[in-house]
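S.K.: Chains as they are written, first to last, in numbering that gives the first Met the number 0: chain A, 0 to 359; chain B, 0 to 359; chain C, 0 to 359.
Simulated from the structure, these hints should not be mistaken for laboratory data.
Hints are not guaranteed to be accurate.
If several chains are the same, the list does not tell them apart, and a pair holds so long as it fits within one copy or across any two.
To be verified - Cut-off 30 Å, straight-line C-alpha distance, at most; resulting in silico cross-link-like pairs (DSS-like, lysine-lysine):
| # | residue 1 | residue 2 |
| --- | --- | --- |
| 1 | Lys187 | Lys159 |
| 2 | Lys2 | Lys181 |
| 3 | Lys213 | Lys2 |
| 4 | Lys2 | Lys239 |
| 5 | Lys159 | Lys213 |
| 6 | Lys342 | Lys2 |
| 7 | Lys181 | Lys239 |
| 8 | Lys130 | Lys311 |
| 9 | Lys239 | Lys213 |
| 10 | Lys181 | Lys130 |
| 11 | Lys239 | Lys187 |
| 12 | Lys187 | Lys130 |
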Amino acid sequence: MSKTNPGNFFEDFQVGQVIEHATPRTVTEGDRAAYGSLYPTRFAIPSSAEFAASVGLKVSALRGPVVVEEHPVEELIAFHIAFGKTVPDISLNAVANLGYAECRFHQPVVPGDTLSTTSEVIGLKQNSNGKSGVVYVRSTATNQRGEVAIDWARWVMVHKRDQTAEAPETVIPELDAVVDPKNLIVPKGLDFSSYDFTAAGEPHRLADYEVGEKIDHVDGVTLTESEHQQATRLWQNTAKVHFNAEARPDGRNLVYGGHIISLARALSFNGLANAQLVAAINAGAHTSPAFAGDTVYAWSEVLDRAELEPGKNGAPGIGALRLRLVATKGRDESMTLRGEDGKYAPGVLLDLDYWSLIPA
Amino acid sequence: MSKTNPGNFFEDFQVGQVIEHATPRTVTEGDRAAYGSLYPTRFAIPSSAEFAASVGLKVSALRGPVVVEEHPVEELIAFHIAFGKTVPDISLNAVANLGYAECRFHQPVVPGDTLSTTSEVIGLKQNSNGKSGVVYVRSTATNQRGEVAIDWARWVMVHKRDQTAEAPETVIPELDAVVDPKNLIVPKGLDFSSYDFTAAGEPHRLADYEVGEKIDHVDGVTLTESEHQQATRLWQNTAKVHFNAEARPDGRNLVYGGHIISLARALSFNGLANAQLVAAINAGAHTSPAFAGDTVYAWSEVLDRAELEPGKNGAPGIGALRLRLVATKGRDESMTLRGEDGKYAPGVLLDLDYWSLIPA
Amino acid sequence: MSKTNPGNFFEDFQVGQVIEHATPRTVTEGDRAAYGSLYPTRFAIPSSAEFAASVGLKVSALRGPVVVEEHPVEELIAFHIAFGKTVPDISLNAVANLGYAECRFHQPVVPGDTLSTTSEVIGLKQNSNGKSGVVYVRSTATNQRGEVAIDWARWVMVHKRDQTAEAPETVIPELDAVVDPKNLIVPKGLDFSSYDFTAAGEPHRLADYEVGEKIDHVDGVTLTESEHQQATRLWQNTAKVHFNAEARPDGRNLVYGGHIISLARALSFNGLANAQLVAAINAGAHTSPAFAGDTVYAWSEVLDRAELEPGKNGAPGIGALRLRLVATKGRDESMTLRGEDGKYAPGVLLDLDYWSLIPA
Numbered sequence: 000m001s002k003t004n005p006g007n008f009f010e011d012f013q014v015g016q017v018i019e020h021a022t023p024r025t026v027t028e029g030d031r032a033a034y035g036s037l038y039p040t041r042f043a044i045p046s047s048a049e050f051a052a053s054v055g056l057k058v059s060a061l062r063g064p065v066v067v068e069e070h071p072v073e074e075l076i077a078f079h080i081a082f083g084k085t086v087p088d089i090s091l092n093a094v095a096n097l098g099y100a101e102c103r104f105h106q107p108v109v110p111g112d113t114l115s116t117t118s119e120v121i122g123l124k125q126n127s128n129g130k131s132g133v134v135y136v137r138s139t140a141t142n143q144r145g146e147v148a149i150d151w152a153r154w155v156m157v158h159k160r161d162q163t164a165e166a167p168e169t170v171i172p173e174l175d176a177v178v179d180p181k182n183l184i185v186p187k188g189l190d191f192s193s194y195d196f197t198a199a200g201e202p203h204r205l206a207d208y209e210v211g212e213k214i215d216h217v218d219g220v221t222l223t224e225s226e227h228q229q230a231t232r233l234w235q236n237t238a239k240v241h242f243n244a245e246a247r248p249d250g251r252n253l254v255y256g257g258h259i260i261s262l263a264r265a266l267s268f269n270g271l272a273n274a275q276l277v278a279a280i281n282a283g284a285h286t287s288p289a290f291a292g293d294t295v296y297a298w299s300e301v302l303d304r305a306e307l308e309p310g311k312n313g314a315p316g317i318g319a320l321r322l323r324l325v326a327t328k329g330r331d332e333s334m335t336l337r338g339e340d341g342k343y344a345p346g347v348l349l350d351l352d353y354w355s356l357i358p359a
Numbered sequence: 000m001s002k003t004n005p006g007n008f009f010e011d012f013q014v015g016q017v018i019e020h021a022t023p024r025t026v027t028e029g030d031r032a033a034y035g036s037l038y039p040t041r042f043a044i045p046s047s048a049e050f051a052a053s054v055g056l057k058v059s060a061l062r063g064p065v066v067v068e069e070h071p072v073e074e075l076i077a078f079h080i081a082f083g084k085t086v087p088d089i090s091l092n093a094v095a096n097l098g099y100a101e102c103r104f105h106q107p108v109v110p111g112d113t114l115s116t117t118s119e120v121i122g123l124k125q126n127s128n129g130k131s132g133v134v135y136v137r138s139t140a141t142n143q144r145g146e147v148a149i150d151w152a153r154w155v156m157v158h159k160r161d162q163t164a165e166a167p168e169t170v171i172p173e174l175d176a177v178v179d180p181k182n183l184i185v186p187k188g189l190d191f192s193s194y195d196f197t198a199a200g201e202p203h204r205l206a207d208y209e210v211g212e213k214i215d216h217v218d219g220v221t222l223t224e225s226e227h228q229q230a231t232r233l234w235q236n237t238a239k240v241h242f243n244a245e246a247r248p249d250g251r252n253l254v255y256g257g258h259i260i261s262l263a264r265a266l267s268f269n270g271l272a273n274a275q276l277v278a279a280i281n282a283g284a285h286t287s288p289a290f291a292g293d294t295v296y297a298w299s300e301v302l303d304r305a306e307l308e309p310g311k312n313g314a315p316g317i318g319a320l321r322l323r324l325v326a327t328k329g330r331d332e333s334m335t336l337r338g339e340d341g342k343y344a345p346g347v348l349l350d351l352d353y354w355s356l357i358p359a
Numbered sequence: 000m001s002k003t004n005p006g007n008f009f010e011d012f013q014v015g016q017v018i019e020h021a022t023p024r025t026v027t028e029g030d031r032a033a034y035g036s037l038y039p040t041r042f043a044i045p046s047s048a049e050f051a052a053s054v055g056l057k058v059s060a061l062r063g064p065v066v067v068e069e070h071p072v073e074e075l076i077a078f079h080i081a082f083g084k085t086v087p088d089i090s091l092n093a094v095a096n097l098g099y100a101e102c103r104f105h106q107p108v109v110p111g112d113t114l115s116t117t118s119e120v121i122g123l124k125q126n127s128n129g130k131s132g133v134v135y136v137r138s139t140a141t142n143q144r145g146e147v148a149i150d151w152a153r154w155v156m157v158h159k160r161d162q163t164a165e166a167p168e169t170v171i172p173e174l175d176a177v178v179d180p181k182n183l184i185v186p187k188g189l190d191f192s193s194y195d196f197t198a199a200g201e202p203h204r205l206a207d208y209e210v211g212e213k214i215d216h217v218d219g220v221t222l223t224e225s226e227h228q229q230a231t232r233l234w235q236n237t238a239k240v241h242f243n244a245e246a247r248p249d250g251r252n253l254v255y256g257g258h259i260i261s262l263a264r265a266l267s268f269n270g271l272a273n274a275q276l277v278a279a280i281n282a283g284a285h286t287s288p289a290f291a292g293d294t295v296y297a298w299s300e301v302l303d304r305a306e307l308e309p310g311k312n313g314a315p316g317i318g319a320l321r322l323r324l325v326a327t328k329g330r331d332e333s334m335t336l337r338g339e340d341g342k343y344a345p346g347v348l349l350d351l352d353y354w355s356l357i358p359a
């Protein structure tokens, strides 16, 4: 019998099935630097241990026999690592990554934390063509203390191994379109009451953003062949199409969708420098493939603003800003999401809906 | 007199000569991350401090006045660094790297360790053309405590500076074709008796591998120009052909052979996830050059299995698996090493014979 | 009002104006590894914690509640980070970076240090065309203790937003052509009296270098598209021309001048391995643009030698060597800086004048 992992096919999944993914992965300061070399990120909390300390986010951690203090890495580093673990079991035979929902960041991840991911199958729906089906999973990344770091739902279209295999009972999970702001988790100790706007790079706070406002983040980055592959490897994501030019008929390496998320988030610093933390991802769609040579731009739309609840998730000086983050191939100064036909405009690569934490 | 290093030529070497190589190099967590961005590695011990701890490999180390606990980096990080040091003195004027033998990993290398390398010339043989000769060296990498981390023999063909220089007495060292398994060194404290196969990614243990069995590792990686150069620089390897397109008549940068070793080893995770540690390299040949644009695949052949000796190098739950690791340009599902003429099959890039430690 | 940063234009600057730049940035071991993957550096102090300790440069630092010992990163890592901070405010709308002067490194920067940069406008001169002007700033990078890490002057030509805006009073600061060696700052504790020349890689000390001597560093590196972008991002340098192929009419990404400085400095190891520390940059000019595909070489000219003053900046076994570091596109074995017309020779990319500290 072959010793290599063929990945799961649609008929290998059952609702209720729990999969513990290999391999646990320790986050390091090396990841922070690698991330910084791959994306033009400048958010002050992950950039500066001192800034993080000034907002209560220098976290004490045990390293062997001593207590050290570490500051958080970008939430997306943790997300990509946690997500990468699921690929060999969930999406190695995927046709497409269809969506995300209910992704919450439960606590900051710091260098030295080790992440493991488990997924539960929460829904299945065979496609009418009988060749594939949609698998819904809820994945949970835990740290070395067994605490939840991130959880999220996603659904992917997966090939069937055997097209004659019987269709499972259709189960479609109910997933919230948006994480209710009262369920957002504010990191323990976070305090924006003495927030240094000068050090952070911009003066804008929650009240300065109007619902419906759009922000053109101006800057663009031309993708090279190397960076996206380095990133995707760093997250131990094994999807063949990203690395192996022979795996696609066109001989091109498809850029990992998460690479575009990180790139767009980094570009959004210019106009959203104070949207410091990603608290939740409400929804996400990779609407078009990206390749080396494409120049990626980003724009954001303010979808909502929320006060957090004192005595529940409220914390000093902190509010929540719901944003649509759109990545485009080529700059679209008109910031058009969809054409008149209701379909995504041609250059749109990513439509991501998330909650950030920002000085109130 | 020129202040730059012209490297040694064949007639500069004498049997018994000892060369202390510059520059010592401290391994860091940054190297682990860089390695992870360059190779698709997922072996659980270097990936996870928690997994390493669970098999006895979280090593206490002094960092200034405090004791910290670190977990090992991949053996090949240490090997490439140790090897890189030898290049300016041994192989700057090499025509070809001919072989390796008797390479043993004496102890895990952890971030904070500083490696220095010394080489002794153990053999010389001038080629009949009078233009070059073979230099045999035994190199030893030691850490900051003066303990041996790795040692190995290699032989390289080196240009003569002056073709009229007299040939030295021919000395050809006796080198073992295979490291005797009773001489393999098991890291202190290593214990696979509570090994977590789920976390590690595969269920296979020593007894599941049959001598003669071949494993197609399935996945491929297309080389880009940037990654191999970044890797080779990281190891402070100064061989011109890797970085300088003007150094070769064809204007192409030759990929460092060690890059192919690391790539193939990382690809071998898919089928050999539990071949956790590299204990020894018995032999290695770079059989064909690799360049950016090549898509590299790997397959392995089980050459031997060995129990370790209780009371000597035996340790709980640990066995040794001898593997041939073959890297190919383009996938060869037939896994053919040599053609009928006895020569390496056209796509073969690497033929590496090594011992790994695996749950027994 | 737009929330994105348009950068400052010429008429936005006033002499005496002080700008605190975002975002503070913590240096990590990851930066050291990234730097090592991007430049072929082998200087012993940043390469080896043990070598650094042997010359008195293992620095005690507070990390949360414990004292750890760290060794310095390359001065240029600190410089690029500190410099990158100034770009969004000073040179986002720059036509050209015209020069540097009076750059001094006040103390080694170690992992864990957080750098912030402040600039003061010290001069202004509108160009006669009325379309742009020269802005002179003195920038100061401080660490988390508020101590100066680096300071330097530079002047850049910046576009006017409004060509009809009135010209400011011309103020041209007096800047020293060369940092007086008695003002060089020797790191506290530095002691070269037991310097290990073998470990460092070369036998040459201060007295071995003659004023006027030129050293061809021999080795070349062919630039790829990816490395220079990774480097420049790592320093959080946001100048569009480096990343965005659509930002220039020719569709090519301009290589950050600092990338060429680091590359040339790393290449200079071969012949200047003991010019261990950069103490000051006297002047620097990026004389020609560089692009992916160019093969970069370096040569140096000895401009001066200086003994340091006992009781002032003197320290055991340490002298100062003033060097001109020249990067060229293509190797120029004649090491010609300027043609007969007094202009820089065609292949010259960089002309950097600096003081290094070297065993006396």
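S.K.: Evaluate each hint against the coordinates.
M.R.: Against the structure, the hints come out as follows:
1. Lys187 x Lys159: Close neither inside one copy (44 Å) nor across copies (47 Å); limit 30 Å.
2. Lys2 x Lys181: For Lys2 and Lys181, only the inter-copy Cα distance (28 Å) is at most 30 Å; the intra-copy one is 47 Å.
3. Lys213 x Lys2: Cα proximity of Lys213 and Lys2: across copies only (10 Å, versus 51 Å in one copy).
4. Lys2 x Lys239: within (18 Å within a copy, 40 Å between copies)
5. Lys159 x Lys213: between (42 Å within a copy, 27 Å between copies)
6. Lys342 x Lys2: between (44 Å within a copy, 28 Å between copies)
7. Lys181 x Lys239: neither (39 Å within a copy, 39 Å between copies)
8. Lys130 x Lys311: neither (47 Å within a copy, 56 Å between copies)
9. Lys239 x Lys213: Result: close only across copies, 22 Å inter versus 36 Å intra.
10. Lys181 x Lys130: neither (41 Å within a copy, 53 Å between copies)
11. Lys239 x Lys187: neither (39 Å within a copy, 37 Å between copies)
12. Lys187 x Lys130: neither (47 Å within a copy, 52 Å between copies)
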